Amino acid sequence: MSSIPDVSEKWSGQVSTVVIGATADEGGTRGRTVTIGGAGALPFLAFDGAIGNPPVIAVEVWDSGGQTWPEQLRDTYGDALAGPGEWAKKGVEFGADLICLRLMGAHPDSGDRSGDQCAEAVKEILGAVDVPLIIWGCGVDEKDNEILPAVSAAAKGENCLMGTAREKNYRTIVAVCLADKHKLITESPLDINIAKQVNILCADAGFPLEDTVIFPTTGALGYGIEYVYSIQERGRLAGLRGDKLLGQPVICDVGFEAWRAKEAKAPAFDTVTDENRRQWGPMWESATAMVLLQSGAELLIMRDPVAIENTKKIIERFTPSATA
Amino acid sequence: MKKTYKVLFDPEQVEAEAPSGTTILSAAAKAGVFVNSLCGGDGVCGRCRVIVRKGKTSGGSTEFFTREEIQQGYILACQGRIESDLVVEIPPETRLAAAPQQVESEVPLLADPSKLAGRGIRLSPLVRKTYLQLSRPSLDDNVSDLQRLEQALGGAIDRNNFQMGLKVTRRLPHVLRKADWKVTAVTGHRGPLTEIIEIEAGDTTKRNFCIAADIGTTTVVCHLVDLRDGQSLGRAARYNSQVAYGADVIRRIIHATESPENETALREAIVSDVNELIRELTTKHRLSTGDISVISAAGNTTMMHLMLALPPENIRKEPYTGAAYHLPPFRAAEVGLQINPRGLLYCLPCVAGFVGADIVSGIYASGLAQSDEVRMLIDIGTNGEIVIGNKEFLVCASASAGPAFEGAECKGGMRATRGAIDHIRLHDPQRVLHYSTVGSVLPIGICGTGYVDLIAEMLRVDLIDKTGQLKEGVASDRVRTGEFGELEYVVVPASRSGKDADITITQGDINNILRAKGAIYAAASVLLKALNMTFDDLAEIMVAGAFGNFLNVGNAVFIGLLPDIPRDRLRFVGNASIAGAKLAAICTHCYDEVFDVAARTTYFELSTAPTFMDEFVSACFFPHTNVQLFPRVMGELELGKGG
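Taken in order, these protein sequences are the chains called A and B.
Residue numbers for the first sequence follow this note's numbering, beginning at 1 and rising by one.
Residue numbers for the second sequence follow this note's numbering, beginning at 1001 and rising by one.
In isolation and in its complexed conformation, chain B is listed as follows (with noise of 0.2 Å):
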């Protein structure tokens, strides 16, 4: 009979029992732990990296890591054998392919409920479904049955100025009647006002959903939300089909100028992304479009006004008007969004020309508004905004990146989806160490993190230069001259890819990067200098933005993208954005919120500042021209030639 020991896995903290001699791999199979791997057990896909952190193993280490990782008690999950009581890490990238279903839908700022408590956010959504008994009219108590709904409504929800609209007051006697006195008022915020959206009939409240709309240049987000606990149900992601008309606002806004067909073909796209969106969200988890009541949607200025239809060409010209920033609910059915017909859409606000509900969004999520010390945010899409301040002051910037982080303009780029390629590490300018993929399928494309990791690592491997070159001759199998003369590098071949052809990064794509990461730290770096501040200054830098997945903050650092401070004031916050819209949806309070934050916020424009032509080109070099400002990256890359 064999010995049984015990192994604890981390970060789950789940324990397990095996027989001496069983793998890891089988072991967290036993108990529920997911391990990442794509070959079952057959210790060459190198997916299944573990740490052993305490206790005795025998095999696993294997050529799939480095020298420094196997001093760290790197294995391969499915060679490794107990041989005693263990203590395993799963280290994050192992566990991230099992993620997305479960870790995507919540973004991670939302992800500790006890700090949303702190903020004073609680659940009381924008569109709140109350059941009511009735009583029945008699001779001693006649009153209209208006003002019989409005009685009980107002003891229930504890609110009285309603507000009903013609509609429906003309359907009320018949509802209530036929439902004998049982029915769900749909209760609408509007202010100091309430609106009576809909009487249904019956015990409804079961079903009130919510959908929060990211709506970027290149990237469209929309998370399902419960309304009855606030919870996201799911999330779903496409791309702008207004792409076709151009990759920035302003060449979208030009468009939507020439002429009203034009205007209609840029409304209908958004809406119609939007949308599809919504209906593949409902259908998945088998809910009706009515079953959606209300839509928070947070977009940036020139998206807010294409799809709302406002004309936004004055948003281009100096100096940079919108037609409106603030505006108050909308029958999403106005709007052409298929909801409930009663539904409503809430538009949170924007602040300026350049700077939209998006990044308000962002702020109020991300709790910049309500720090005591200095932060920064920086939210990374096809422009760049970056935030500074505090509970007392916000200055925002924003700067055109260009949508590389997004994995559009790529050659092999894609969104964080399936097969998307998230995380990825190089041994040596010939070789993949291993990667890993959005739902661990073969790889088709790469992703914004995949990009930040990559670049990161040919830098390290010398594959490129610090101007972003490719070096010829370093890897004479994967750096080739690819179409139309341009070099590039082959990450993954055909052979081994999910599609026809190899995965590649073109010389184009790292000049795309270098000036998308060049654009977002430069505009950092001037607007920390107009306010006469270092990034030593803040107290913490939060990163936000359409990544999909995990950033890996340690090379978005090591390529410039972000400055070189001190890691535990590095965080990483997902799509703020999004993060926003959901909790104005879930909370009134939060709601009236964002509009203050949205009035408090201060736009800097850095068309404007003389400085940034210079810092834009000092910050287009890996990872900086002034490489006194990233003393961890040089002393890296110091011990990298050493050794």
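Chain A extracted, bound-state conformation (with noise of 0.2 Å):
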């Protein structure tokens, strides 16, 4: 009798981990850290190799401007927009491992808030809640580099995940990264070979490649989910054959992207109806961030409770220790 061929993929390479947040021993004031990476297989495929850290779930906090958020998420969210600090609270209540805080207020077009006021939702957000934070910019390079320097010195010891560095703008953000120990999301515009030049630079630029996370950047479920699977799929397909420049866990920002989707904000018609259409939204964001995990997304950054609370579901159902 012939035993069964082991058919296991072998992988050379493997994603690196990345710890976020600092607790009072080890300078920072956060009640836990959160540690993603560590795969040294395709997602969930437990047979072929470890798995790593199951993915986490960081809820999206805006410093300002929650008011121009989809009518349904302001209905969940209620007063707490009108804060970070309580508005963190609610991410946290959701289910949040961490707070991704967006500095849409200091974005030219949407307030222009300086600096120290965006150092101050920052604080404000650390003093309300004990997860791990994110900071993400507001994507225009000369902003960024204006206000990242203060936030990241007030969050300075909290160990955060900051974002983000790109092609041309990177030197501002490595370097107070490096200055406040945080760690660095690096951005490319879908296209792995930017993906792995933005590393490139960031590391010639002195940041260590094993503190950083990658953001390939992120379509929602009809808006080119296809290519975005594709392109991180192969990321991490490279990353595990080796090539340490795309071997870094992979953020996903889904709940941005899921509800600028018109299907998640449909107004009734034909089939949708006043009794289903708020479930939309929440189902969009929810197979948005399932297709990406299975691409190999370590952090997804979500908005609904009803959608956290799903994909931390199937998280739990496809992670095998879960199941054992």
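Check each hint, because a few of them may be wrong.
[Said to hold, decoys possible] Residues from chain B that face chain A, not an exhaustive set, calculated with beta carbons under 10 Å:
no., residue
1, Q1370
2, V1374
3, K1471
4, D1537
5, L1538
6, S1618
7, A1619
8, V1627
9, E1636
I should point out that these hints are in silico values taken from the structure, not numbers from a laboratory.
The model shown is predicted, which means the values in this text are computed figures rather than measured ones.
The C-beta atom is built at its ideal place from N, Cα and C for all residues, glycine as well.
Taking the hints as your guide, dock the two standalone chains into a single complex.
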């Protein structure tokens, strides 16, 4: 009798492990830290190798501008949207492993808030919740370079994850993350080559590769998700094959993208009734999250509590240790 | 009485005797060995770099050198004094500037005559002149004048199928008798036929010259070749004046297709460029245009079409078909080219709409088509062409690189003519260590090889990052915001340049070069993958192009223009296109073989290769996104950081 041949994949590379947050012992004020990465196999395929730490969920909080969120989310978050501290508390209540502060109010077109004001928002959140923090700039190069030093300093010692370093604008954020000992998000526009290039640039600027997290740019279900999926998968395959420049955990901007989809906010029509209309947004966000998890996302930024709950369930079901 | 020492200069192998304490520069001058020097021995220009291989000297190790160079024995020839018998090497950068007149006329490929003989290349020009003393007709021998001529000629050149045009035949009886039956027959190669192009009175065999032309999208180069011995007498080059109608072939085709007047304008532009170059060369060498009996032209398919007034419009449209790729010789005058009115224009064959006679010519001249092992030829022009093959197969791809390496479309860019910075080294972001210019005059711009050096050096001293982005704050004096709000780096300030303005390289220039090198590397990668090969499978990579001067291959690898393979497998062969045009002109057998090469070359269409864009983005990074492909470069960068 012949035995069944071993057909499991053997990978030479491994996704690096990144710890976010610092407890009092580590010089911070967080109640706990979050560890992502560590996979030595494709997502959830434990029979091929180590699957590393299970994916985690960060809840998205803005420093200001909550009134521009979709009506349904405004209803869900209620008064909490008024300030980042309350908003973050709500996020933790919805199951956040981390809070992702997006400094939207600093954007020149939506508030143009100063570095000091942004730093205030950071402090408010650090005071309100004890989960680790992700801090995300407004996306405008000059403005990010102006505000990030201040917000980084405000969170010094907290071992935050800061973003984003981009191909044409990475030096300032690399310098502040090095100085204040934060972790770094490297962003690329859905291009595996540029993902690698940004990592090289940041490494050349002195930032340790093992302290970075890749943001390959996210698209929602129906809005290019197949492309996002294949880019993420290619990156992960390269990382597992031993490409150290792509062997970092991946962060996905799920809530932001899913709620940009018109379907998520669709008014009643045809089979979409007033009754089921409010399930569309959460479902859209859930589906987006689940697809991206399977292409190797370690960290999902999300918004809707139902979507978060669905995603957590899926992670639990797919993670072998939980079912064993 | 001072002791006298012997100084041996390498690579010239010239020995000089000089008293102790003499400078190396003056010993070299005495021995007739050229050492570049601008300041005439004041020790301030830093051009007279030499390497002391053996023996003792005093002085000359100055701030112009890096620590490694001093360890290698670099000194300034004007400051270093002879203290014992010496062996002194004159490195290329110190020799280069003297070279233009001598070295430039010959392309590196043709510099070794022994190799040419091995390939069956012998002197048998496309157009020959044969001096004949015919016997006078008599009642015993009253064959026709033409038959008399053909009999004598047939005996002299061992051919028999002659053909003569009506015009010449009409003049024949008069010319023969007026010249007392002593005439020179000018014959042209037309496959199995030999055309008697002209009959000239007396012996004119001393005056038989050829123009070999490389007609590029951006640069037009002509060599003047003496057909008696096949030697190049001189070269001249200029930018293609069609540039006014568009920088690339596509734009020019569109322009030409718009109206017959446009087509005429484009044709006249290129014809007059070639005529200008012919005039320049004939004037310089005291020849008349009538002494030029043949033009051998290699150019890309579009240029050939435009010059010959063949309709080019279908080249641009799928499936990219030109009007004609293999053409017989034409009367040059019919095309408007001003040489001997009876002289012939031989156009070398094209392969496809985007693989022209220039690359076919290069394939032939480089020896790729005769190679036992698989080699690669990279021809860097406005279009970068990549050919992989050996004597059994030839595959070619073409990628649009843009004219950056020809010095065009860059702010400080120029062709490799007098005053062009062709090599440069930086000491640190603030300071240029030294540079050389064509003709050793004050710099007025930067040519292709200068850009390759400059980008490599800017990377080494950390002035730009691997995306080519200029770093502000590293060199506050030299990096500034220029016109149009664009960052630029001052290479040579106006005060030390040969013009009224600073010589700069802008962020846009760097981006142009990044894209050009990315396109070429990506094309090579895609073509290799299509053949299921890697760079390691190639016995050699030959780099050709209208760079003008010598390309620093190490720097070309450093910026990722060329792959990081052992340096002894990379060779710069110069302008291979014109080398082929010249070979075809001086050797009939070669001309026929070039057509064979064209027929054997397969065109690989990159635009339908799905991986090209991916490879291109990957290659648009210094040296490459996949850094593991450039282990030696990464090693050097790491060392640089450590030291």
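*Against the structure, test the hints numbered earlier, and report the numbers of the ones violated in rising order.*
Going through the list in order, the structure violates hints 1, 2, 4, 5, 9 and respects the others.
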